[in-house]
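Enquirer: Sequence:
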Amino acid sequence: MRNRSPGWLELMHPLGAAFQLLSRFPVPVEIPFNNKVLRRSVICYPLVGLAIGLVLAGTCWGLSLLLPPVPAAALVTGLWVALTGGFHLDGLMDTADGILSHRSREEMLAIMKDSRVGAMGAAACVLQLLLKFALLEGLLESGWQAWAGYLPAVAIWSRWAMAAAVAWWPYARSGGGLGALLSGFGGRQLAVCTVLAAGLSAGAGALGGEGLLTGGMPALALGLPALGFSVLLARSLAAKLGGLTGDTYGAINELTETFLLLVILLASRLH
0 MRNRSPGWLE LMHPLGAAFQ LLSRFPVPVE IPFNNKVLRR SVICYPLVGL AIGLVLAGTC
60 WGLSLLLPPV PAAALVTGLW VALTGGFHLD GLMDTADGIL SHRSREEMLA IMKDSRVGAM
120 GAAACVLQLL LKFALLEGLL ESGWQAWAGY LPAVAIWSRW AMAAAVAWWP YARSGGGLGA
180 LLSGFGGRQL AVCTVLAAGL SAGAGALGGE GLLTGGMPAL ALGLPALGFS VLLARSLAAK
240 LGGLTGDTYG AINELTETFL LLVILLASRL H
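Counting from 0, one number per residue, gives the positions in the sequence shown under numbering that gives the first Met the number 0.
There could be a bad hint or two in this list.
Computed cross-link-like contacts, BS3-like style, restricted to lysine-lysine with a CA-CA straight-line distance of at most 30 Å [unchecked claim]:
id	residue 1	residue 2
1	Lys35	Lys239
2	Lys112	Lys239
3	Lys112	Lys35
No lab work stands behind these hints, which were simulated from the structure alone.
Start from the sequences, fold in the hints, and give me the full structure.
Expert: Here it is, written out as structure tokens:
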């Protein structure tokens, strides 16, 4: 048993790294943040999305019994930020500051590395939170039971979108950074990540009463708009920066989440 324990712990390091990096869930194990562990951790990103999505879904369920949609949506939006420590939101702000500066590639990357938040970053943060709040309020207004299984799927597929961005686009910075430690994550690992995301989202949809929206659109199908939107976004960012960075991964996650919430709300209105 003594010889096996370190091996099992080593196998759990990528999962722990994914949770420690992408969330504020406690990880009671010391994780070695090296290239090998971080590269493998990308496969586990959908599992982090599932955990976040289940907490959000459970909170929505509880608050929908106690509060009107507006305050319930505000509290869920705040919890969403708290569960990630604002990590992805920070990436969105840095990306907005850099991309919307309309400077050269080198200057945009330098702006994104600056820890100070500019006007465009602040505006992007406010608009993102307002839009996410408004979409959640609309979904709560339409009835909780109709979309319960879709909120975990949103968090799952948005984190899959980050994994796809890591696999399909080069890293933009030459001087290293956290994103550089993910190098080596490629097509085979993404295939495993995709199967995991599909299975988790299908399971979440089944548990949440899937089939009540748009004549039975499964939560699994959210992978298609997630793929289309995130590819267009990543391609646009990579064209300006010569690749992607850790900040852009966060921006892709945030904007994909909001886009998928919009898709669900539109589907509920058309049903």
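Enquirer: A separate judgement is required for each hint: does it hold in the structure or not?
Expert: Hint-by-hint comparison with the structure:
1. Lys35 with Lys239: holds, 29 Å
2. Lys112 with Lys239: holds, 16 Å
3. Lys112 with Lys35: holds, 24 Å
Violated hints for the displayed structure: none, as all numbered hints are satisfied.
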